[in-house]
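Novice: So the sequence lines, in the order shown, correspond to chains E and R.
One point on numbering: in the numbering used here, the residue at position 14 of the first sequence is 14, and numbering is uninterrupted.
One rule links them: number in the numbering used here = place in the second sequence (from 1) + 1000.
Check each hint, because a few of them may be wrong.
[Stated by the list, open to error] Okay, the calculated beta carbon distance ranges per label pair:
(1) R/E1145 / E/R137: 26 to 34 Å
(2) R/M1177 / E/N134: 44 to 52 Å
(3) E/T32 / R/T1164: 20 to 28 Å
(4) E/E14 / R/T1164: 39 to 47 Å
(5) R/E1091 / E/K77: 47 to 55 Å
(6) E/E14 / R/G1185: 56 to 64 Å
(7) R/K1197 / E/L85: 56 to 64 Å
(8) E/K77 / R/E1117: 51 to 59 Å
(9) E/G289 / R/Q1039: 32 to 40 Å
(10) E/L274 / R/R1042: 34 to 42 Å
(11) R/G1175 / E/T62: 28 to 36 Å
(12) E/E37 / R/K1197: 51 to 59 Å
[As the list claims (entries may be wrong)] Where chain R lies over chain E, by a calculated footprint (3+ residues, C-beta under 8 Å):
(13) 143-151
(14) 266-273
I should point out that these hints are in silico values taken from the structure, not numbers from a laboratory.
Think of the CB as a built atom: it goes at the ideal place given N, C-alpha and C, for glycine as much as any other residue.
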Amino acid sequence: MMFKNVAEVVELAESKNVKIAEIMIQQEIDVTGLSREEVIAKMDRNLTVMEQAVERGLNGVTSVSGLTGGDAVLLQKYIQSGKALSGHTLLDAVSKAVATNEVNAAMGTICATPTAGSAGVVPGTLFAVKEVLNPTREEMIEFLFTSAAFGFVVANNASISGAAGGCQAEVGSASGMAAAAITEMAGGTPTQSAHAMAITLKNMLGLVCDPVAGLVEVPCVKRNAMGASNAMTAADMALAGITSRIPCDEVIDAMYKIGLTMPSALRETAEGGLAATPTGRRLEAEIFGKQS
Amino acid sequence: MKYRSAFDIIGPVMIGPSSSHTAGAARIGRVARTLFGHQPKRAEIYLYGSFAKTYKGHGTDVAIVGGILDFDTFDERIPTSLKLADTAGMEVAFSVEEAVTDHPNTVRIKLFDDEKEMELVGISIGGGTIEIIELNSFELKLSGEHPAILVVHNDQFGVISSVTKILANHEINIGHMEVSRKEKGKMALMVIEVDQKIDQTLMDDISELLHVTQVIKMVD
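The following block holds chain E by itself, in its conformation from the complex (with noise of 0.2 Å):
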């Protein structure tokens, strides 16, 4: 049996008092009839994967096009000049989240989360949340699933796709999903972390998919920035007791109904939007003129 949208995945972890993660770890043995110890250690090699790519990004890359690399290190210098203004934590999100992006900008191994365009935000806020919790291997682990079952949920009643719903159903997924996860590490209720992804949610509907030249670069790399940005706040406001008065299933069926009216400029084609700016347009043809 498996759940079919967020009141059914809290309603679950609640009556059971689990967290949300338990709740998507015994659905993924009964769907795949793996033991538990095969489940986790597949997780676990996810876990590591996005390891070695905050750590590649953090120490610098560049694309193959050279839109885009060298932010996270930029960012983490600021950071340790003490002069930043919204907090290392916060700071620290951003900066993994942008390195991730970055090394996959640069063709590096990532894991996708829920796509690779979005593969930053999930990583990013896990092992910048690490930093303050102190989470055990384990823990980490969990945070990987609860933020599963927050986009498989997504996944099959909206999308996750930019092409079909554009980047809220990417980034814009990849934030809820995290928001989540962080609220139910830092010791949140499965009801929490619904809030918090309803929260992030609602702030990033509406978002297109206009990347330049068509690569994964610009803006997605700085999206994931925004976002993981926006799952640490929501997160924060969640925790704090403050709830969304739209429930979480019917944000993400209002991004879907969003989706399905987006022009088709706006979903993956680098048709419209930052990709038909003029400077959009001049990088497109100085990079195809470069490969070509």
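The hints should help you fit chain R onto chain E, whose structure is shown.
Specialist: Frame of chain E; chain R shown alone:
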């Protein structure tokens, strides 16, 4: 439900930059390789839609060739696969097509060796998930995620029930099954996605059936 596993959401582990244009492309290439049975001598790759427009920036070309060389989505040899194909003695030809396809991320792959050739069309639908929609001009729907048996046979009564009876005897459960044919009474194709592992005796049993001309196994 379109997505069934936590690892559809947290995963795949892959070489960037795009789950659809790189990881999905590699998976289509790898399914083609699996269906062909071994490394081909020549691969012709026809790119359509968004694949045609953005393949260089996304590494769609090296990903498909990497897949045909049997590399997984996370294989770090993907960026250098064109050179590796050359070393391995596999000739590769790309063609950028203008034709408009139903799905924006579409590729047609033709594989050849001295004995045979195979043609397949794959689409990449998001997050690294793919579908094979055509094989040797048969329409089908194959995800490549589940073990599957493809049976090419003459379009005669009783062939389908003979095959499913063998599956039942081997205690294999069918998750999804479809049949298609080019023309009534001529060549037909059965695509059977199953829940259990497929062993060689099962393959042999099906191969021996009357009217069955070819049996292909996906995933072991």
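Novice: Decide, hint by hint, whether the structure agrees.
Specialist: Now for the hints, and whether the structure bears them out:
1. Between R/E1145 and E/R137 the beta carbon distance is about 28 Å. The supplied range of 26 to 34 Å therefore holds.
2. Restraint check, R/M1177 to E/N134: a C-beta distance of roughly 51 Å satisfies the suggested window 44 to 52 Å.
3. A hinted range of 20 to 28 Å for the beta carbons of E/T32 and R/T1164 is consistent with their spacing of about 24 Å.
4. Taking the beta carbon of each, E/E14 and R/T1164 are about 44 Å apart, inside 39 to 47 Å as hinted.
5. About 48 Å separates the C-beta atoms of R/E1091 and E/K77, a value consistent with the hinted range of 47 to 55 Å.
6. The hint said 56 to 64 Å for the Cβ distance between E/E14 and R/G1185, and at roughly 60 Å that hint holds.
7. Taken as a hint, the range 56 to 64 Å holds for the pair R/K1197 and E/L85, whose Cβ atoms sit roughly 57 Å apart.
8. Taken as a hint, the range 51 to 59 Å holds for the pair E/K77 and R/E1117, whose Cβ atoms sit roughly 56 Å apart.
9. Taking the beta carbon of each, E/G289 and R/Q1039 are about 35 Å apart, inside 32 to 40 Å as hinted.
10. Range check, E/L274 to R/R1042: Cβ separation about 41 Å, and the 34 to 42 Å hint holds.
11. Between R/G1175 and E/T62 the beta carbon distance is about 44 Å. The supplied range of 28 to 36 Å is therefore violated.
12. Restraint check, E/E37 to R/K1197: a C-beta distance of roughly 20 Å breaks the suggested window 51 to 59 Å.
13. Remark: the segment 143-151 of chain E is confirmed as covered by chain R, as 6 of its residues place a Cβ nearer than 8 Å to a Cβ of that chain, reaching the required three.
14. For the segment 266-273 of chain E, the proposed coverage by chain R is satisfied: 3 residues have a C-beta within less than 8 Å of a C-beta in that chain, meeting the threshold of three.
In this structure, the earlier hints numbered 11 and 12 are contradicted, and the remaining ones agree with it.
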